[in-house]
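Colleague: Single-letter residue listing:
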Amino acid sequence: MNLFKYSSPATFYPLAGKLAPWFGLAAGLLTVWGLYIGFFRAPTDFQQGEAYRIIFIHVPAAWMSMFLYLVMAAWAGVGLVFNTRLSSMMANALAPTGAMFTFVALVTGALWGKPTWGTWWAWDARMTSELILLFLYLGYMALHASIEDIRRADKACAVLALVGAVNVPIIYYSVKWWNTLHQGASVSMTAAPKMASIMLQGMFIMMVAAWMYSIAVVLTRVRRIIRERERQTVWLRELQTEEATA
Amino acid sequence: MNWNSLDEFLHMGGYGLYVWGSYLVTALCIAAELLMLWLRGKSANDDSFTENNA
Amino acid sequence: MERAGFFSTLIWVLKRDLLVAMRRRGDLAATLFFFVMVASLFPMGVGPEPQMLRIMAPGIVWVAALLASTLSLNRLFASDYADGTLEQMLLSPEPLSLLVIGKMLAHWLISGLPLVLISPLIALQFDQPVESYGAMLLALLLGTPLLSLIGGIGAALTLGIRGSGVLTTLLVLPLYVPVLIFGSSAISTSASGMDISGQLSVLAALLLLGLAATPWAISTALRIAVE
Amino acid sequence: MERAGFFSTLIWVLKRDLLVAMRRRGDLAATLFFFVMVASLFPMGVGPEPQMLRIMAPGIVWVAALLASTLSLNRLFASDYADGTLEQMLLSPEPLSLLVIGKMLAHWLISGLPLVLISPLIALQFDQPVESYGAMLLALLLGTPLLSLIGGIGAALTLGIRGSGVLTTLLVLPLYVPVLIFGSSAISTSASGMDISGQLSVLAALLLLGLAATPWAISTALRIAVE
Amino acid sequence: MLEAHNLQCSRGGHRLFSGKSFKLDPGTLAWIRGRNGSGKTTLLRTISGLSPVDEGEVRWRGRNIRKHADEFRRELMFMGHAVALKEDLSPLENLRILMQIAGRAISAPAALSALAAVGLKGREHLPVKYLSQGQKRRVHMARLRLSRDCPLWLLDEPLTALDAEGVAALQGLLEEYLRKSGIVVMTSHQEINIESVQSLHVQLPA
Amino acid sequence: MLEAHNLQCSRGGHRLFSGKSFKLDPGTLAWIRGRNGSGKTTLLRTISGLSPVDEGEVRWRGRNIRKHADEFRRELMFMGHAVALKEDLSPLENLRILMQIAGRAISAPAALSALAAVGLKGREHLPVKYLSQGQKRRVHMARLRLSRDCPLWLLDEPLTALDAEGVAALQGLLEEYLRKSGIVVMTSHQEINIESVQSLHVQLPA
Ligand code: HEM
Ligand SMILES: Nc1ncnc2c1ncn2[C@@H]1O[C@H](COP(=O)(O)OP(=O)(O)OP(=O)(O)O)[C@@H](O)[C@H]1O
Ligand SMILES: Nc1ncnc2c1ncn2[C@@H]1O[C@H](COP(=O)(O)OP(=O)(O)OP(=O)(O)O)[C@@H](O)[C@H]1O
Ligand SMILES: [Mg+2]
Ligand SMILES: [Mg+2]
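Chains as they are written, first to last, in numbering that gives the first Met the number 0: chain H, 0 to 245; chain X, 0 to 53; chain C, 0 to 226; chain Y, 0 to 226; chain R, 0 to 205; chain L, 0 to 205.
These aren't lab readings, by the way, just hints derived from the structure by calculation. Wrong hints could be hidden among the right ones.
Straight-line C-alpha distance at most 20 Å; calculated DMTMM-like pairs for lysine to aspartate or glutamate [unchecked claim]:
1. L/K66 x Y/D82
2. L/K128 x H/D148
3. H/K17 x H/E237
Derived contacts from chain L toward chain Y, CB cut-off under 7 Å, selection only [claimed, not checked]:
4. K66
5. D69
6. G102
Only a predicted model underlies this, so the values are computations on that prediction, with no experimental measurement involved. Glycine included, every Cβ here is placed at the ideal spot set by N, Cα and C.
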């Protein structure tokens, strides 16, 4: 069955190797295009002046961070249920990228917050939930790092990721709700009144670029992981000797 | 076209620090990730090579 | 020698953990002590303004409860793992999740219930309106079992891992957030004399979810840890 | 095989505990983020009002410190006691207090120092005035070792002796309080731009006292525990 | 009853054993032998279902033990290296809890008489941490006595820390159990002499 | 060298032993025998100075060991029931730390060769928690090898969990040590056959 064919590292490894560069290329081109629009086509925002141009990385990063966690949990779950090696590897490959985007969202957000709200950090709903998300990522990676036996690490982290995934929406909405409670003090991050369509367009392109980047990086990382784990398997040795001779 | 001069472009209407700061951070993060990925790949390679030779 | 019934087994596991706790009251005391310490730490910093204290009280109580319950987490399964009892539990014909429930119940009785009981003292310290006491007790009564359940997952996942005990907490605290939010808002809302059925029902719902899901998660984690 | 010098022994004990606690750099990172996580809980309890958080900040930092040190305390001597290492230490020709110092130092490096390092970030989260950063670092630098030392006494006393936990807590509690009071007041005072040499010198004095007395106290407690 | 079909197990890259197959009928004692680190404990844990196999399967009454874990566990008595005793509880409490966890409730008198039978009279209520090494193991002997109706025993080094008299008692217990057509799989570095219906040596290479 | 003057010890009201006196000269092996719970471990710990005596005293080179603890400890090697190993550290690390705590620094190569000599080659860097029971004990055999210049050994059940080959190795080690005029006080339920210069049986009543 086709799906299971590609769920085997042996077949997936070369496939990923072929695909990754193309996604990488796409990511590069889209970034250039998006930034061109963002900086040269999109007009100055009448409220925030030029500061808003952070949005072109901030928002894509923020959304990627949340989305990647769910994807990661999904892979982990599949790995736990069907016990397919590749799925767990995918989950592992996703974590660092997700954490990276989370971090970027936080820092760019902070850098955006200073000019707009005059403070680097405010306990705003989205910021807070992003921070928690960062901890979820870090917990996942820390747990995986501290279990020597990789199979065990995969399973344990899968459980953690699933529990986390169940909680992410609960956390997100409870934080939202918490924030509305204290509306008085919190800063509003409500969408700037009318973002010119060109801004949205730029943001959208950057979003797609972030997508492409993630896919490219994750595929490459999966290849690394396969290499590290399947070292003693025959197919990989053959492949490597080929590469070595070639 | 928003900018008449490179200066103006870098100044970002007074928000240069924040805008460029965030883009710089992002660039650095991505660079770091790619670097780590590369290193990991290298080590994986070397190991599997020693394995092969052994 | 008749087949042991489900519940008698659960009761025995519960009884055992309680006995051990009673024999060495250290852990119990440590938890309570920590709870009180944390709660009494803030009035000093804040200074005279009592209304300020009144505002932060609920949050402080809950954070204190959160952290206090994480203190005993490391030892939750670790000792069973070390002395081989866990193996015996995994080989028990009774469903593992049943034994797990027993242990979690014990953990709550040891580390959660005392906090609930002592909380009025702290409310007094932060002179909370007397009306809010009931709400606080209710909220804690619904919330602390959740802390034990969620904490159990973290404890099971980090079983047999070296470290300073920080990892377990790092895994668990983010998951505590909803409990913290609704729990503390329940108290503060009731302090301002408003209706808190909303928060309480959310906590109740979360508790049900937890009771349904966590035993499974914990059992899985335990099996993973031992194999 | 030459006679081992005093300090090489101390270093080895230190090294061992550090190894057991953190193998990788990742473990240190986990500890750092753990502190940020703990600090981040409070706003969700008490709400995001900045000026209130600003007031709570010192207390929050010290709660984090207290939590971290108590978390790793219960396993400080217990594991050595269980696996027989403690016997070996008691039979060592080197002075026991030396080995104890090694262990306490390790405990501080694992649970105290990371907080000192990350505290500026926490201060930023609760936007503290930049002037108070120095004070905070100093206070933590003086206070956290004390927490380790005091906790060490408690941990040693609870060993073996049955159900002595309560007693110990009551015994250790009064020792913790001054550290926490002066520690947090040092930070809050400096935040309001006043002179804090008073608090700092008290902390320093306490630390000297602790360094002088606790190793002896702990060693004695340990010998009693093993007999 | 108990069948192992070419079990294979490796740890950290090392292949411990492979192609291990055997079939044990009631009244059989299987003595797993091998040098330190040869994989005896691992094999025992594999049979109990505690640790997974790389290949092969274990069958009990013809059914895979992992698929029908519950029935299997109900008929299994596993005694590992670690004495699963709570230091702060008494032998009596520990024994009753262990039995309870194993799914077989026993009354206090039954437990007391079993403890007396293994020479722990007068120590029934003493916290286990005060017991001597051998006395701790004897608590498990009591557990064995109470599990004689349980068809499969897996014992890892049951003779450890027992004095001569204790060893003799345990051998007697095993013989009686085997006569009552029980199945024993055990590891032991000390020689055991049991004339059982049928006995099998599983030799593991170092 | 080592003298015990009518030692008496009781635990929780039970008198374990009393009036125990003996004198051990270099090259002597004292084998403490007795049933489970008769007080062997207690006696050994008393001699080491770990647990106090109700009456009597222990002398080393004619001086009370409690009064001159430091000199005594410098010449003592105690190996208890519990393997004093940190599960997360490697045999190498554990061994070096144990030696260091015993006041005798050793180089990594020395430690490695000692580990190899007791058959732990290839496991030097594996966390101890993955070692088999016997392999854990063998780490202590390595420690014994490195402590041959230490005049007094106190060993509690040193043969536990060792396979036949390991037992033989340990006996060889003991014989060599005794020939080099060391003193050994040990407990063991398993028979040991060592033709030493002089050997003494300390029998404890149950
Ligand atoms: C450290 C964390 C964050 C900071 C400091 C931050 C800050 C900001 C600021 C100052 C703005 C402009 C607000 C305005 O236009 O008035 C903004 C916009 C935005 N942020 Fe964030 N943010 C953070 C995290 C997040 C997260 C976690 C998300 C979503 C998951 C997010 C999604 C957005 C979106 C969609 C916008 C664009 C729409 C808008 O203009 O509001 N941000 N952010
Ligand atoms: N992660 C690992 N890496 C390398 N080797 C490992 C790992 N885990 C276990 N081992 C090896 O697997 C073996 C486990 O064997 P096991 O405990 O079954 O031995 P045993 O036959 O019971 O020995 P003993 O007679 O000492 O009890 C040991 O040799 C151990 O060193
Ligand atoms: N607090 C106490 N109350 C009653 N009896 C006690 C107490 N503490 C110890 N004992 C008894 O003292 C004895 C300790 O003996 P010890 O551990 O020295 O035995 P041993 O000769 O080493 O036995 P083994 O051969 O099993 O190792 C045991 O019989 C134990 O039951
Ligand atoms: Mg074994
Ligand atoms: Mg003994």
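Colleague: Now tell me, hint by hint, if it's right for this structure.
Modeller: Here is how each hint holds up against the structure:
no., hint, result
1, L/K66 x Y/D82, "violated, 28 Å"
2, L/K128 x H/D148, "holds, 12 Å"
3, H/K17 x H/E237, "holds, 18 Å"
4, K66, "violated, 15 Å"
5, D69, "holds, 6 Å"
6, G102, "holds, 4 Å"
Of the numbered hints listed earlier, those contradicted by the structure are 1, 4.
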